[in-house]
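Q: Chains as they are written, first to last, in the numbering used here: chain B, 32 to 502; chain W, 5 to 99.
Think of the hints as simulated: they come from the structure by calculation, not from any bench.
Treat the hints with caution; some may be incorrect.
As the list claims (entries may be wrong) - Label-pair ranges, simulated between beta-carbon atoms:
(1) W:Ala-67 / B:Glu-357: 34 to 42 Å
(2) B:Asp-495 / W:His-14: 49 to 57 Å
(3) W:Pro-76 / B:Glu-84: 45 to 53 Å
(4) B:Gln-463 / W:Pro-95: 48 to 56 Å
(5) B:Gln-463 / W:Glu-29: 31 to 39 Å
Claimed, not checked - Computed far set for chain W versus chain B, every beta-carbon distance over 10 Å:
(6) Arg-9
(7) Glu-11
(8) Glu-29
(9) Asp-69
(10) Pro-71
(11) Ala-84
(12) Glu-88
(13) Arg-90
Heads up, the beta-carbon is just placed ideally off N, CA and C, and yes, glycines get one too.
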Amino acid sequence: MGAVVDTLRLTAEEAKALLERGELSGAELREAYFEAIAERDGELHCFLRTVAEPDGEGVPIALKDVISTKGVETTAGSKILAGYVPPFDSTVAARVKAAGLPLLGKTNTDEFAMGSSTENSAWGPSRNPWDPNRVPGGSGGGSSAAVTAGMTPWALGSDTGGSIKQPSALCGNVGLRPTYGTVSRYGVVAFASSLDQVGPVAKTVRDAALLYSIIAGRDPCDSTTVELPEPVRLPEGDSLAGVRVGVPTELNEAEGIEPGVKEAVEQAIALAQGLGAEVGECSLPRAVRYGMPCYYLIAPAEASSNLARYDGVRYGPRVDGSSYQEMVDRTRDEGFGDEPKRRIMLGTYALSAGYYDAFYGQAQKVRTLLIQEHRDAFERFDLLVCPTSPTVAFRIGERAADPLAMYLSDVLTIPSCLAGLPGLSIPCGLSQGLPVGLQLIGPQFGENTLFRVGHALEHAIGFDTVPERWR
Amino acid sequence: MAISREEVLHVAKLARLALDEDELERLTAELDKILDAVGVVAELDLADVAPTPHPLDLIDVWAEDEPHESLPPEDVFANAPSEEARQFRVPAWEQ
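Okay, chain B solo, but in the shape it has when bound:
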């Protein structure tokens, strides 16, 4: 059977309408995506595994491999979880299942979601659909590249310091990191528990909003979740009259922002003004200088604790030893790749006697300042805008040997993550033939504002999400 739909262009909303009108069966729709996977995933390596006969007659979905799926291997991109088949569904996997969305497969990620390029995956990197010599971003590069390449209409990622927003920027699609606490982390392989959030990746803002409405809300299995204060509104209309848009100087003038990125973002801001938004400058004085350092103390500290559970006792491969201690130490050294080891070591150091106050304790206080800074900005503005990533997609290998250069990939996404705030990345143009992401940052529970503004701008910008080589 030939493909009945063009999956490169079909949105999830359009797919849903085709199914509802009976113009297409669920099986035909799934087949179209499996054909796209067969055609393009050899080059892009977005999927770690596909599901032969998925359940559900709705719009198919792909899930990042940190999301536990009952009966479907879940490795978090790590050798230490090779062969692990979860005996239970994460809450987000259960919610998409309950909504009737068939699972196409599990997508590639940097090991334990630690990275900005997917090059840290134990199973090899994914590639950017716009230019396969470049990274798709990370850690959720598999989910993001799969959406852009028409191999799934939408996907779920997870974001600790930028792992949804940054890949969406680099692949030219829409990614939402929700407000901390709005989406359950139950059954999501933990990296840094005070930061991790699951969120949607899609071609349009409306699709992202629709998927967010499926997964959001309090979950008794995760005591850090809350009910949404207001229901998700699917955005309509193009007017931004009365919307106050703040442009934080530090996040728009940061060292390392490429001129082409800056230009595309400035054009998008001008479009917002044209749609009626009131645009003004503001300041987040400590966000750039202290955000990345604060994050790379807090996230590794939490990771060092979370990753203590991988000991070769209950699941995963084991390396034998003559004693329990030797077995554990060898299993961990063999099972973890370089980046998790680096972060476990960094976090263990930051939490160790004599260094706790100076590093971890101090970072927790910096976090308080960053929260206050954002709160002050939202006294005057409804949302803040800046580039998602300082650069367009970089070449595979370009930053792999320099951990600090890789960490700086997230310098603009990290501050609002530390503050627990929602962020939406939408494509706002091309630079050097590669997508540029515009980051919209909202106040706590401000998703509906982000959807409204993102939707209006998406129309005004008119970005074509299909990579030029496939048009």
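Got chain B sorted already, so can you dock chain W onto it with the hints?
A: Just chain W now, kept in the frame of chain B:
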């Protein structure tokens, strides 16, 4: 140097990682650079600032203590590298 080779060895022991010689050398150099970069947080005088452990204002979240179904043991042990009589089998602890 922000961190010495001996300190890295000590941290590896705390983190339960049997690092080999190459890893030890590389990690010492990398951690030194990273600690230098993240160490800028020390510039700020934060004596009067409260730490943030978590971005939500949630305190004392309670749940009813009600019995509920647990996973069947066969599912729990299905992933075990070594099992005996419904227990995880491991080598003996070294005294």
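Q: Give me the numbers of the hints this structure contradicts, sorted from smallest to largest.
A: 3, 7, 11
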